[in-house]
Each structure stands twice: as structure tokens, then as C-alpha cells.
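Q: Sequence:
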Amino acid sequence: TVYALIALTVVGIAVGAAIIVMLQLTVLSRLTRLHDQVESIARSGDVERGITVDSRDEIGALAAACASLLGYVKDMASVTERVAGGDLTVEVKPRSDRDVLGNAFSRMVVEERDLIGAIKESAAQVAEASEKFTAASQLTAQATGQISATIDQVARAAADQSASTRGTKAGMGELSAAI
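For reference, each letter of the sequence shown is one residue, going 2 to 180 in our numbering.
Among the hints, a few may not be true.
Said to hold, decoys possible - Taking lysine to aspartate or glutamate and the EDC-like style, the derived pairs with C-alpha atoms no more than 16 Å apart in a straight line are:
no. : residue 1 : residue 2
1   : K94       : E122
2   : K75       : E49
3   : K75       : D47
To be verified - What follows is a list of derived Cβ distance ranges for each label pair:
no. : residue 1 : residue 2 : range
4   : I180      : A142      : 29 to 37 Å
5   : S69       : S45       : 54 to 62 Å
6   : V101      : G46       : 15 to 23 Å
7   : K94       : R34       : 27 to 35 Å
8   : A8        : E59       : 31 to 39 Å
9   : G87       : A144      : 39 to 47 Å
10  : I20       : E113      : 27 to 35 Å
11  : T151      : I180      : 35 to 43 Å
12  : Q25       : G87       : 52 to 60 Å
13  : T53       : A19       : 22 to 30 Å
14  : P95       : L140      : 49 to 57 Å
15  : Q147      : V91       : 54 to 62 Å
If you're looking for bench data, these hints aren't it; they were derived computationally from the structure.
Backbone N, C-alpha and C define an ideal beta-carbon position, used for all residues, glycine too.
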């Protein structure tokens with residue numbers, strides 16, 4: 002019976018060790034698969050890849066948490082795509098006060114909206130100044146034309162005056178010779 006008890010103990014230890022090894026291999030295999038999925042997403046940046054959750058134990062909970070984090074990254078990527086496409090109407094909703102990425106994106110969108118508004122306002126002011134400059138240029142052109150016409154009239158009048166003065170001088174010369 003001592004031999005039977007020793008044999009039973011050895012068999013029990015061997016079976017227990019085999020069960021532990023199988024559990025370790027199963028856990029290690031599942032953790033390795035989860036690690037590979039997360040690592041692949043991190044290296045490629047492809048947030049469209051999914052994370053497989055195939056159990057309800059602690060490893061499944063970890064996979065679900067990774068999938069939730071990936072969902073957040075997808076949401077932020079979607080917002081980024083819209084902003085990059087010029088859509089500043091997007092509303093970024095940070096998940097909490099401590100959501101660094103969400104809060105930063107929210108501030109960025111608001112600041113870009115304000116910047117675009119300021120640029121539009123400046124462009125409107127430049128357009129208004131341009132219209133005023135054009136109107137002033139037209140007035141200057143009209144005034145230049147009027148000044149030119151007046152100078153022509155003065156020149157004609159001076160020429161007439163000069164001719165009249167020569168005529169008067171000639172008439173005075175004739176009058177002086179006749180006297």
C-alpha cells in the first residue's frame with residue numbers, strides 16, 4: 002500500500018503538472034495573440050483592424066479594454082479626418098476632464114474656427130479697402146482729366162492773349178507811325 006500511495010501521489014503530481022502546463026500554454030497563447038493584435042495595430046496605425054474578444058475571463062476583459070481603447074482612437078481619427086477635410090463644424094466631445102487628446106482636439110477645432118473667422122474678417126476688410134482705393138483712383142483719374150482740360154484752356158487762353166498782345170503791339174506801332 003505504501004507503493005500504491007507513492008504511485009498515486011506521483012500520478013497526481015504528474016496530472017497536476019500537466020494541467021498547470023496546459024493552462025499556462027493556453028493563457029500564454031491567448032495573451033500572445035492579444036499582444037500580436039495590439040502590436041500590429043500600433044505598428045501599422047491601421048485602426049480599422051479589430052481586436053478579437055473570445056472569452057469572458059480576465060484575458061477577455063483585457064481584450065475588451067483594448068478594443069474599447071481602439072474604438073476611442075477610431076473616433077478621434079474620424080474627427081481628425083473631418084477637420085483635415087475642412088469640416089470645422091465637428092463637435093469633439095472629450096470623455097472626461099482628464100481626456101488629454103479629446104480636450105486638445107476640442108480646443109484645436111475651436112481655435113481653428115476662430116482663426117478662420119478672423120481670416121474671413123480680415124479678407125472682408127481688405128476687400129473693402131480695395132474698393133475704396135479703386136473709388137479713390139477713379140476720382141483721381143477724373144480730377145487729373147479735369148486739370149488737364151483746364152491747363153489746355155489756360156494754354157489756349159494764353160496763346161489767344163499772346164496773339165492779342167502782338168496785334169495790339171502792331172496796332173500801336175501803326176498808330177505811332179501815323180501820328
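Q: Check the structure against each numbered hint from earlier and tell me which ones fail, lowest number first.
A: Violated hints: 1, 4, 5, 10; rest satisfied.
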